[in-house]
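In case you want the letters, here they are:
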Amino acid sequence: MSDQPQESLPTSKVARAARFAKTGFKVGANYVQHYAKKAVGADSTMADLHQANATELYGTLSEMKGSVLKVAQMLAMEKNLLPPAYAEQFRQAQYQTPPLSGPLVVKAFRDAFGHSPSEVFDEFDPQARQAASIGQVHFARKLGKELAVKVQYPGVGASIQSDIALVKPVALRVMGLREEVLRPYIAEVEARLLEETDYKLELRRGQAVAAKCGHLPHLQFPTYYPALSAARILTMDWLPGQHLKEFMAGSPSQAVRNQLGQALWDFYQYQLRTLRQLHADPHPGNFLFSLTNGGTVGVLDFGCVKDVPPLEQQQFLALLAPETLADPARLATLLTEAGVLRPADAPALREMYLRTLTTSLELVGRPFRQETFDFGDPAYLKSLYALGDDLMQDQDLRQQREPRGSAHFVYLNRTYVGLFSLLTELGAVVRTQYDT
Amino acid sequence: METADLKAAYLDYLRRHGHAPKTVFAFADAQGISEGEFYRHYASFASIDREAWVEFGREARTKAALEPVWQGYGAREKLLAFYYTLLEILKNNRSFVLLTLGRSQKRQPALVPKVLNHFEDEFNDFVRELLQEGRATGEVASRPFLQDGYGRIFRRQLQFILLYFVRDESTNFERTDAAVEKAVTLSFDLVGRNTFDSALDFGRFLLHKR
Numbered sequence: 001m002s003d004q005p006q007e008s009l010p011t012s013k014v015a016r017a018a019r020f021a022k023t024g025f026k027v028g029a030n031y032v033q034h035y036a037k038k039a040v041g042a043d044s045t046m047a048d049l050h051q052a053n054a055t056e057l058y059g060t061l062s063e064m065k066g067s068v069l070k071v072a073q074m075l076a077m078e079k080n081l082l083p084p085a086y087a088e089q090f091r092q093a094q095y096q097t098p099p100l101s102g103p104l105v106v107k108a109f110r111d112a113f114g115h116s117p118s119e120v121f122d123e124f125d126p127q128a129r130q131a132a133s134i135g136q137v138h139f140a141r142k143l144g145k146e147l148a149v150k151v152q153y154p155g156v157g158a159s160i161q162s163d164i165a166l167v168k169p170v171a172l173r174v175m176g177l178r179e180e181v182l183r184p185y186i187a188e189v190e191a192r193l194l195e196e197t198d199y200k201l202e203l204r205r206g207q208a209v210a211a212k213c214g215h216l217p218h219l220q221f222p223t224y225y226p227a228l229s230a231a232r233i234l235t236m237d238w239l240p241g242q243h244l245k246e247f248m249a250g251s252p253s254q255a256v257r258n259q260l261g262q263a264l265w266d267f268y269q270y271q272l273r274t275l276r277q278l279h280a281d282p283h284p285g286n287f288l289f290s291l292t293n294g295g296t297v298g299v300l301d302f303g304c305v306k307d308v309p310p311l312e313q314q315q316f317l318a319l320l321a322p323e324t325l326a327d328p329a330r331l332a333t334l335l336t337e338a339g340v341l342r343p344a345d346a347p348a349l350r351e352m353y354l355r356t357l358t359t360s361l362e363l364v365g366r367p368f369r370q371e372t373f374d375f376g377d378p379a380y381l382k383s384l385y386a387l388g389d390d391l392m393q394d395q396d397l398r399q400q401r402e403p404r405g406s407a408h409f410v411y412l413n414r415t416y417v418g419l420f421s422l423l424t425e426l427g428a429v430v431r432t433q434y435d436t
Numbered sequence: 001m002e003t004a005d006l007k008a009a010y011l012d013y014l015r016r017h018g019h020a021p022k023t024v025f026a027f028a029d030a031q032g033i034s035e036g037e038f039y040r041h042y043a044s045f046a047s048i049d050r051e052a053w054v055e056f057g058r059e060a061r062t063k064a065a066l067e068p069v070w071q072g073y074g075a076r077e078k079l080l081a082f083y084y085t086l087l088e089i090l091k092n093n094r095s096f097v098l099l100t101l102g103r104s105q106k107r108q109p110a111l112v113p114k115v116l117n118h119f120e121d122e123f124n125d126f127v128r129e130l131l132q133e134g135r136a137t138g139e140v141a142s143r144p145f146l147q148d149g150y151g152r153i154f155r156r157q158l159q160f161i162l163l164y165f166v167r168d169e170s171t172n173f174e175r176t177d178a179a180v181e182k183a184v185t186l187s188f189d190l191v192g193r194n195t196f197d198s199a200l201d202f203g204r205f206l207l208h209k210r
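Chain order of the listed sequences is A and B. First residue of the first sequence? That's 1 in the working numbering, and the numbers climb one at a time after it. First residue of the second sequence? That's 1 in the working numbering, and the numbers climb one at a time after it.
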């Protein structure tokens with residue numbers, strides 16, 4: 001991935017389709033290489049192939065920007081759905097994407113405020129500091145305050161649906177997934193994306209969540225500035241801290257990592273149990289970690305906030321409760337209520353679902369059943385991956401044509417997978433018991 | 001009556017009525033001046049149209065250059081900034097733009113009307129400066145003979161963008177923004193050092209006697 005600024009946004013559908021076609025060819029070529037190498041007896045592993053494909057795909061996706069990038073990010077969080085090489089490439093998309101041209105940023109400001117950024121702020125860095133998923137973040141200063149200014153790519157809102165229609169077949173083909181597996185994600189991404197293009201909504205949500213969660217320790221929320229924000233521009237405090245990977249590169253102490261992990265865990269528990277409203281995009285790009293007060297997490301990006309209906313919340317919590325797993329009859333009842341098991345299912349099918357779900361729940365729900373949990377335990381992470389692989393390999397499961405369970409569950413699932421992945425990367429020991 | 005007032009009165013009339021006044025006499029009379037006085041300022045209504053376009057171009061260049069980041073821009077970004085500023089001005093005068101450009105649209109959509117003549121001349125000068133600057137920084141490849149034709153390329157680009165703007169029906173003309181970004185990138189890809197130069201270099205090498 002070159003770090004050269006890339007200025008052209010292939011926005012038209014044809015241009016984007018052309019990009020994808022190009023990737024298709026390259027991926028195809030990688031396969032040819034793979035089999036050619038194999039034919040001559042060279043050592044080309046499947047992992048090599050995935051790595052090569054993922055690099056191609058990422059290169060293309062990062063040029064496409066906007067919603068396609070978003071889909072990639074969301075899929076990246078579902079590590080279990082993807083071969084690890086893809087997941088790694090996609091994760092990069094969370095940090096590095098090429099910027100908008102300087103004049104276009106100025107233009108966005110003129111459209112919104114009638115003034116250029118240098119007039120609106122005392123200081124404005126025309127070089128983007130970070131890529132946000134559907135825009136980029138600039139550093140600015142006003143009245144001595146350091147600010148982060150998020151600028152959205154023009155026309156993102158308009159092209160979402162056609163993009164998703166485009167990304168679907170390619171994603172299916174390249175990743176070897178079946179459409180049924182992907183459909184709930186795609187539908188969900190589409191709905192959230194449309195919300196995410198609305199920076200005014202994000203501003204309101206950010207303020208609301210910050211007000212409600214402000215009392216939780218070791219968390220930091222930016223203040224938003226409505227007067228300096230518009231539909232495509234969002235201004236907030238510049239939070240100190242680093243993204244997870246850079247932060248971990250500085251090898252912080254176990255105590256710091258535990259405190260950070262605890263802060264994250266409490267944040268999500270509080271949201272799920274008390275607020276019934278989730279910051280549903282826990283990918284590493286949305287959090288900043290710093291050593292302040294022995295470890296502080298800055299929470300960014302409230303573009304993706306999910307309201308959890310009371311019924312689903314109860315079902316979800318009940319499934320995670322320790323006593324559920326010990327009692328197969330209760331588990332079956334709960335799963336039937338949630339629509340995963342159906343009364344019309346053949347006994348063998350029912351058995352298969354129960355078996356897989358029990359395994360999944362045992363593993364995924366494990367942190368909830370213990371008083372403290374060590375996310376740094378490599379064995380746990382490994383078994384999580386293995387579970388994903390097993391589920392992908394399971395012939396019986398693959399033959400099931402329809403996805404099951406409430407769409408809200410897909411959401412909750414994604415949030416917790418994201419959270420777990422953050423916590424395992426932090427290697428934090430977290431007190432997981434929730435006191436009301 | 002001042003030239004500026006006369007021009008403002010004419011443009012106001014044009015925008016309100018959707019056409020130029022029937023005769024110079026009628027217009028002059030409505031302004032309380034004689035027909036002869038009008039000609040001391042302008043030869044015809046069409047010459048006011050032309051001048052209005054020239055003003056748009058000048059205003060866009062001045063405004064774009066006022067931006068503090070302007071000095072840090074390369075040739076490509078300067079051209080982008082010029083286009084975006086121009087489009088901003090044109091947006092506020094879209095009725096006028098549609099009237100002056102739109103009339104020729106129906107009959108021969110690809111033809112750019114004479115009203116742009118002077119405006120384009122000044123644009124050419126601007127582009128020539130930009131290209132010179134670009135050659136100095138290496139952003140633009142030096143190609144003797146060929147580079148004399150660059151002016152035409154950028155003229156076509158300007159026309160393309162204006163006509164795109166005229167036909168654009170997206171909210172806040174966001175598609176025009178995208179068109180600008182793409183067109184400018186393409187043009188600078190063409191005039192910058194690229195495959196063509198390498199091919200030429202290679203060809204020269206082969207032709208050289210050993």
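To be clear, the hints were calculated from the coordinates, so they are not data collected in a lab. Wrong hints could be hidden among the right ones.
[Stated by the list, open to error] Sample of chain A residues facing chain B (criterion: CB under 10 Å; computed from the structure):
id	residue
1	V120
2	R342
3	A344
4	S383
[Unchecked claim] Cross-link-like lysine-lysine pairs, in silico, DSSO-like; alpha carbons within 27 Å at most:
id	chain 1	residue 1	chain 2	residue 2
5	B	K22	B	K63
6	A	K200	B	K7
7	B	K22	A	K142
8	B	K91	B	K114
9	B	K22	B	K114
10	B	K7	B	K114
[As the list claims (entries may be wrong)] Partial selection, computed: residues in chain A whose CB lies under 7 Å from chain B:
id	residue
11	G102
12	R110
13	A112
14	S118
15	Q127
16	R129
17	P154
18	P240
19	T356
Note that beta-carbon positions come from the ideal geometry of N, C-alpha and C, so glycine has one too.
Verify the proposed pairing of B/K91 with B/K114, using a straight-line Cα cut of 27 Å. Cα-Cα ~21 Å, so holds.
Given A/R129 as an interface hint, is its Cβ closer than 7 Å to any Cβ of chain B? Check failed: Cβ of A/R129 comes no nearer than 16 Å to chain B, outside 7 Å.
Pair hint outcome, B/K7 versus B/K114 [Cα-Cα no greater than 27 Å]: holds (19 Å)
Would the hint on A/G102 stand, with a C-beta cut-off of 7 Å toward chain B? holds (5 Å)
Agreement of hint A/A344 with chain B interface, Cβ distance less than 10 Å: violated (48 Å)
May I ask you to test the interface hint for A/R342 with respect to chain B, counting a Cβ-Cβ separation under 10 Å as satisfied? Status violated, d = 45 Å.
Does A/R110 hold up as a contact with chain B if the rule is Cβ-Cβ below 7 Å? holds (6 Å)
Quick check on the hint: A/P240 CB to chain B CB, less than 7 Å? violated (26 Å)
With a cut-off of 27 Å on the C-alpha distance, tell me whether A/K200 and B/K7 pass. violated (42 Å)
Starting from B/K22, check that the Cα of B/K114 is at most 27 Å away, please. Holds: B/K22 and B/K114 sit about 20 Å apart, inside 27 Å.
Under the criterion of a CB-CB separation shorter than 10 Å, is A/S383 in contact with chain B as hinted? Cβ of A/S383 sits 47 Å from chain B, so the hint is violated.
Can the hint on A/P154 be confirmed by a CB-to-CB distance to chain B that is less than 7 Å? holds (5 Å)
When held up to the earlier numbered hints, the structure conflicts with 1, 2, 3, 4, 5, 6, 7, 13, 15, 16, 18 and 19 and fits the remainder.
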